[in-house]
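J.: Chains as they are written, first to last, in our numbering: chain A, 356 to 581; chain B, 356 to 581.
If you're looking for bench data, these hints aren't it; they were derived computationally from the structure.
Copies of the same chain look alike in the list, so a pair counts if it fits in one copy or across any two.
Straight-line alpha carbon distances no greater than 20 Å define the calculated SDA-like cross-link-like pairs of lysine to any residue that follow:
id	residue 1	residue 2
1	K541	E387
2	K395	T421
3	K500	E487
4	K541	R388
5	K395	E549
6	K395	P550
All values derive from a computational prediction rather than experimental measurement.
Number of protein chains: 2
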Amino acid sequence: MAKLRCQISMSVDGFVAGPNPDESQPLGEGGERLHEWVFKLAAWREPHGEPGGEVNASSEVLEEITSGVGATIMGRNMFGGGPGPWGDEPWRGWWGEEPPFHMPVFVLTHHEREPLEMSGGTTFTFVTEGIERALELARETAGGKDIALAGGAEAIQQYAAAGTLDELTLNVPPVLLGGGTPLFGKRAAAVALEPAGVVEGPDATHLRYRIGLGGPDRGQARPSPG
Amino acid sequence: MAKLRCQISMSVDGFVAGPNPDESQPLGEGGERLHEWVFKLAAWREPHGEPGGEVNASSEVLEEITSGVGATIMGRNMFGGGPGPWGDEPWRGWWGEEPPFHMPVFVLTHHEREPLEMSGGTTFTFVTEGIERALELARETAGGKDIALAGGAEAIQQYAAAGTLDELTLNVPPVLLGGGTPLFGKRAAAVALEPAGVVEGPDATHLRYRIGLGGPDRGQARPSPG
Numbered sequence: 356m357a358k359l360r361c362q363i364s365m366s367v368d369g370f371v372a373g374p375n376p377d378e379s380q381p382l383g384e385g386g387e388r389l390h391e392w393v394f395k396l397a398a399w400r401e402p403h404g405e406p407g408g409e410v411n412a413s414s415e416v417l418e419e420i421t422s423g424v425g426a427t428i429m430g431r432n433m434f435g436g437g438p439g440p441w442g443d444e445p446w447r448g449w450w451g452e453e454p455p456f457h458m459p460v461f462v463l464t465h466h467e468r469e470p471l472e473m474s475g476g477t478t479f480t481f482v483t484e485g486i487e488r489a490l491e492l493a494r495e496t497a498g499g500k501d502i503a504l505a506g507g508a509e510a511i512q513q514y515a516a517a518g519t520l521d522e523l524t525l526n527v528p529p530v531l532l533g534g535g536t537p538l539f540g541k542r543a544a545a546v547a548l549e550p551a552g553v554v555e556g557p558d559a560t561h562l563r564y565r566i567g568l569g570g571p572d573r574g575q576a577r578p579s580p581g
Numbered sequence: 356m357a358k359l360r361c362q363i364s365m366s367v368d369g370f371v372a373g374p375n376p377d378e379s380q381p382l383g384e385g386g387e388r389l390h391e392w393v394f395k396l397a398a399w400r401e402p403h404g405e406p407g408g409e410v411n412a413s414s415e416v417l418e419e420i421t422s423g424v425g426a427t428i429m430g431r432n433m434f435g436g437g438p439g440p441w442g443d444e445p446w447r448g449w450w451g452e453e454p455p456f457h458m459p460v461f462v463l464t465h466h467e468r469e470p471l472e473m474s475g476g477t478t479f480t481f482v483t484e485g486i487e488r489a490l491e492l493a494r495e496t497a498g499g500k501d502i503a504l505a506g507g508a509e510a511i512q513q514y515a516a517a518g519t520l521d522e523l524t525l526n527v528p529p530v531l532l533g534g535g536t537p538l539f540g541k542r543a544a545a546v547a548l549e550p551a552g553v554v555e556g557p558d559a560t561h562l563r564y565r566i567g568l569g570g571p572d573r574g575q576a577r578p579s580p581g
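Work the whole structure out from these sequences, hints included.
T.: What follows is the structure, encoded as structure tokens:
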């Protein structure tokens, strides 16, 4: 079966965003430092419409976000626009009129909204029936390809704790944040990690894991879907 | 100049001990899982008087703790025996009568005490004049060799924030703790990390960093002494 895969940048001390996030600083204090490793890569610049950039050991890891992926899932916090109902001039995402996904994107939310078709093949579909339903819709759309879970931490935690996240790659730049949004927080006990390799990039180390359920089955990753 | 080097096991989510440590569980809930990678290594078993064991990619990393090292520094919490004055039957450490250090060990404490000579070359010297004085004494004793900083988190944080810790290796097994003692906590802003390599062991990933000062000089590791 197609896999649900996730990649997220995390500080060495385990935070996926810095302290005190707000609208002007959605990644929190210092949080943008988690992503500096990616901005210089050609593999990031090209889909974002920027020329040039480097190719290094991190490029291949970044390319996996889209390679063999037929749909993306993200949480409401990552899509943005604040909590609560969408209002009269609903938020259209952080990414401008041509978002870099170029595929169907399913947004987890408690607030209903019509699908939003953007330029370049990205359609945001808003799912109010929960994480399992969003995954089901993504699988139907993806035509056998894998699903990318884009974030944020809350969505990742929910899928991991439910046992439906298959693979997690942590992109770890040499950054300490000292506080902020923890990767798993109190849901850590529900999640087991099985090492699946390490890639050493010049500006970030990439730690790959297969995800299993914690608790009584702690340490037992589910069998690979093959 | 001889370097101050440190190695510590840390969970993927950034904790060096689990929640709620007490005398029966000094590493906190689940904290012993951080150290399982080491117990099977011949390089750990031999100095602890245990036969057999594996040799793998983690062995070399472990051997660096003692290789070229002439003295060790540790905090009072790591030496153990609870906080406060030493009392009438003072604590002799967690390691029995022949501790695995086999070298002078300087223990940071607020409470004076005569040096304690153990079997096998380990002498515990109790330093009440602060971290700089302990480092000075360790350097005098080490005869040009490096100094190992054994832990715990508080001692590591103090040396790192003071700018006197040169190298840090984080041994990261596939463990999530969800809470506990953070590696740097609120002192993170005072510390800058510069990547110095990754070793992928079967049961832990080893992340090496050179340590610099954060704040205005953030990201600038001090020049290598060698």
